Amino acid sequence: MNRLAGKTALITGASSGIGRAIAKKFQAEGATLLLMDITEAVVEGGEPTHRILNVPFFQGDVSKEADVEEAVRQAALPTGRLDIVVNDAAIRSAKKLTDTSLEEWNRVMEVNVTGVFLMCRAAVRRMLTQEIRNEARGRIVNISSQHGMISSPEDFSYGVSKSAVVYITRQIASDYGRDSIICNAVAPGKILTGKTGRAIEPRFIDYSHARTPLPRLGRSEDVASAALFLASDEATFITGENLMVDGGWMAN
Amino acid sequence: MRLKDRVAIVVGAGQSPGEGMGNGRATALTFAREGAKVLCVDHNLESAKETVEMIGVNQGTAVAFKADVTRGDDLKAMVDEAHARWGRVDILHNNVGVSLSGGDAELLDITEEAFDRCTAINLKSCIFAAKHVIPIMREQQSGVIINISSMAVITTYPYVAYKATKAAMVSFTEQLAYQNAQYGIRANVILPGLMNTPMAVDTRARTFKKSRAEVEAERDSKVPLRKKMGTGWDVANAALFLASDEASFITGVTLPVDGGASVRRG
Ligand SMILES: NC(=O)c1ccc[n+]([C@@H]2O[C@H](COP(=O)([O-])OP(=O)(O)OC[C@H]3O[C@@H](n4cnc5c(N)ncnc54)[C@H](O)[C@@H]3O)[C@@H](O)[C@H]2O)c1
Ligand SMILES: NC(=O)c1ccc[n+]([C@@H]2O[C@H](COP(=O)([O-])OP(=O)(O)OC[C@H]3O[C@@H](n4cnc5c(N)ncnc54)[C@H](O)[C@@H]3O)[C@@H](O)[C@H]2O)c1
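So the protein sequences, as listed, match chains A and B. Residue 98 in our numbering sits at position 98 of the first sequence, with consecutive numbering throughout. Residue 1026 in our numbering sits at position 26 of the second sequence, with consecutive numbering throughout.
No lab work stands behind these hints, which were simulated from the structure alone. Please read these numbers as outputs of a predicted model, since none were measured by experiment. For glycine and all other residues, C-beta sits at the position ideal for the given N, C-alpha and C. Among these hints, one or two may not hold up.
Looking from chain A toward chain B, a few residues come up when the C-beta cut is under 7 Å (computed) [said to hold, decoys possible]:
{"hint": "1", "residue": "46"}
{"hint": "2", "residue": "173"}
{"hint": "3", "residue": "208"}
{"hint": "4", "residue": "209"}
{"hint": "5", "residue": "210"}
{"hint": "6", "residue": "213"}
{"hint": "7", "residue": "244"}
Here chain B is said to cover these stretches of chain A; the calculated rule only asks that three of the stretch's residues, wherever they fall, bring their Cβ under 8 Å from a Cβ of chain B [as the list claims (entries may be wrong)]:
{"hint": "8", "region": "177–184"}
{"hint": "9", "region": "229–240"}
Use the sequences and the hints to build the structure in full.
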């Protein structure tokens, strides 16, 4: 398949989980990739993503301006263009409001909000210098969450940060639509990435099943397919949207 | 091929008179290109046949079927036809919708007849089409329903019946999604924005006695993305994604295909 043939993509948080699935799918569809992550270690286990796919890896922190600038520069080296950025990197704090320290709050905001800001800024600056190709100068896909629209169970700062991602998406779409920059988000519901620990504690799984109308919970590939759709030329008149991939949770 | 051997019913698969490609026709062509067998339904059988011919040229499989969506019996016959012919129904795509051409108007001008007509064409149609197809999909434990509403739901729009019926389609689709998720059935709704289709552009040119170019320019200027309307293909691509297995965890969503119009209201 070649729905991203000729396109160059930078994916953050690409070592694990959903980001890893996006990297695999984008490569299968013909994209030239640069993967960025703070570590090559795979949260759910396995060979590093960049090794499996045999693509370049940039080890860096999305909350650091210099790292983000350098990642964007490197991503565009092979083809002279950056067509797609996927902002997937994020952290959770797993604390209620009253248990959240200022340091914890700041770190979640740094990675989940400042990281997305820095990457979008660097990417849009770069994209504005590029020619329009297939009706777009460049595309951004942010991974938001249903959390931030509905409350995130016992994870205050994470929910707040994710609602900011939805807003960032709308504002960029609106401000740069005229320049043919397309910016959308994908909002996953409960996705089983293979991660263990809190993510699959029975009480959270039961809660998710009870609220997900479809009989199964999500897979990383479900989110990757939605990211692919929004990154491809098929989604050329869609911008500013936050596409839910949640098994019907939000319609319920 | 992303819809290989799927059976699809596209309701409103013909096209209003005018230049270019409508949403329904583009969707029927796209589904067929991706391997689906398509029942092209329209009350204008000639127009549905044109769509079928275009599909045939590309070696796709399609059959035209005449139905008036305001008649429950026709909708039942349409579903029965697809089922009898191909043994299943995987996709129901409800594209029929009218505003000005159904006599829609602002509140002080709207007549009861026009309101009832628009409601029957826009809303009753998708509800009763779903009523007839859902038993088959439940039996199959799979199926996808896509309803075509409009960006008019979330932005300003002057005429009463269109706004109200298209908004009701969103609520109905959500209900369809959560009531049928346990059977593996998905239902989603697309909100097309300002599209360069015969239905939107040529109808307005005729109604307001303007040239096509004038209507195009006015509509283009209102779109944030590139200052240019979308096309029937944009809606068709979104429908293809939602109809395919790639969207198998997506149900109950409202997907605008509107060039960013809904993030910048007014
Ligand atoms: N899994 C779910 O159920 C779910 C639900 C809703 C939203 N999401 C969102 O999807 C995205 C991915 O989630 P996941 O479950 O795959 O997470 P994950 O924890 O498995 O993977 C996140 C990746 O981001 C990387 N990362 C973290 N901090 C970074 C930093 N400062 N710089 C660069 N990379 C960094 C991690 O190393 C990791 O590889 C996140 O944005 C998350 O908020 C996930
Ligand atoms: N074009 C736009 O800008 C725009 C914007 C928002 C929403 N939409 C929606 O898109 C849909 C239609 O788009 P299109 O471009 O395919 O329009 P279209 O008018 O070209 O096609 C609709 C088809 O429905 C058929 N039809 C009308 N009444 C019928 C009836 N009673 N029974 C059976 N068939 C009937 C018509 O004959 C026509 O072939 C509508 O639901 C419309 O509200 C369009």
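Against the structure, the hints come out as follows:
1. 46: Status violated, d = 22 Å.
2. 173: holds, 5 Å
3. 208: Result: violated, 12 Å to nearest chain B Cβ.
4. 209: For residue 209 of chain A, the interface hint is violated, since the closest Cβ of chain B sits about 12 Å away, which is over 7 Å.
5. 210: violated, 13 Å
6. 213: holds, 3 Å
7. 244: Status holds, d = 5 Å.
8. 177–184: That given contact holds, which follows from 4 residues of the region 177–184 of chain A lying within Cβ reach (below 8 Å) of chain B.
9. 229–240: Coverage by chain B holds here, the residue count being 8 at a Cβ distance below 8 Å.
Checked against the numbered hints given earlier, the structure breaks hints 1, 3, 4, 5 and satisfies all the rest.
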